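Participant: Sequence:
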Amino acid sequence: MKTYVIERAGGPDVLKLVDLTSPEPKADEVRIRVRAFGLNRAEVYFRSGKMGAITGPRVPGIEAVGEIISDPSGSFRTGQRLPRPWVGCSSSRNGSYERK
Numbered sequence: 006m007k008t009y010v011i012e013r014a015g016g017p018d019v020l021k022l023v024d025l026t027s028p029e030p031k032a033d034e035v036r037i038r039v040r041a042f043g044l045n046r047a048e049v050y051f052r053s054g055k056m057g058a059i060t061g062p063r064v065p066g067i068e069a070v071g072e073i074i075s076d077p078s079g080s081f082r083t084g085q086r087l088p089r090p091w092v093g094c095s096s097s098r099n100g101s102y103e104r105k
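6 is the number of the first residue of the sequence shown in this note's numbering; add one for each residue after it.
Derived from the structure by calculation, the hints contain no laboratory data. Mixed in with the good hints there might be a few duds.
Claimed, not checked - Subject to a maximum C-alpha distance of 25 Å in a straight line, what follows is the list of computed DSS-like cross-link-like pairs (lysine-lysine):
#1 K7 with K21
#2 K7 with K31
#3 K31 with K55
Claimed, not checked - Distance ranges between label pairs, derived from CB positions:
#4 T83 with G16: 32 to 40 Å
#5 P62 with K31: 29 to 37 Å
#6 S75 with D24: 16 to 24 Å
#7 S75 with G16: 29 to 37 Å
Everything numeric in this text was worked out from a predicted model, so none of it was measured. Just so it is clear, CB atoms sit at the ideal spot from N, CA and C, and this is done for glycine as well.
Please build the complete structure, drawing on both the sequences and the hints.
Facilitator: Have a look at this one:
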């Protein structure tokens, strides 16, 4: 998947478009195909380093909407549309900055 990553603090110029393998979802997670994502002030703070150190490549993105690709629990059906909750700035999971 094409996704934007941040490897160091800075302005918009630190966003790099890369190919990244998406991790398999855990039992209590789902994988979605991001159809749209929002830009949020918290992401600007995160990118600038104001929310702590940026270690390794991180995929930012808090807000997104999309469709279920896989759900290990079977609670959701493939193709079901849903909003994506807060994730990607302060968590260990990837955010929503993807590009199709």
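Participant: Each hint needs a verdict: does it hold in this structure or not?
Facilitator: To see whether the hints hold, each was checked on the structure:
Of the pairs offered as hints, the one joining K7 and K21 holds, with about 10 Å between alpha carbons and a cut-off of 25 Å not exceeded. A hinted pair counts as satisfied when its Cα atoms are at most 25 Å apart, and K7 with K31 qualifies at roughly 21 Å. Straight-line distance between C-alpha atoms of K31 and K55 comes to about 29 Å, which puts the hinted pair past the 25 Å bound. At roughly 38 Å, the beta carbons of T83 and G16 sit within the given window of 32 to 40 Å.
With their beta carbons about 20 Å apart, P62 and K31 fall outside the hinted range of 29 to 37 Å. Separation of S75 from D24 is about 20 Å and conforms to the stated range, judged on CB atoms against 16 to 24 Å. Checking the proposed 29 to 37 Å range against S75 and G16 shows it holds: the Cβ atoms sit about 35 Å from each other.
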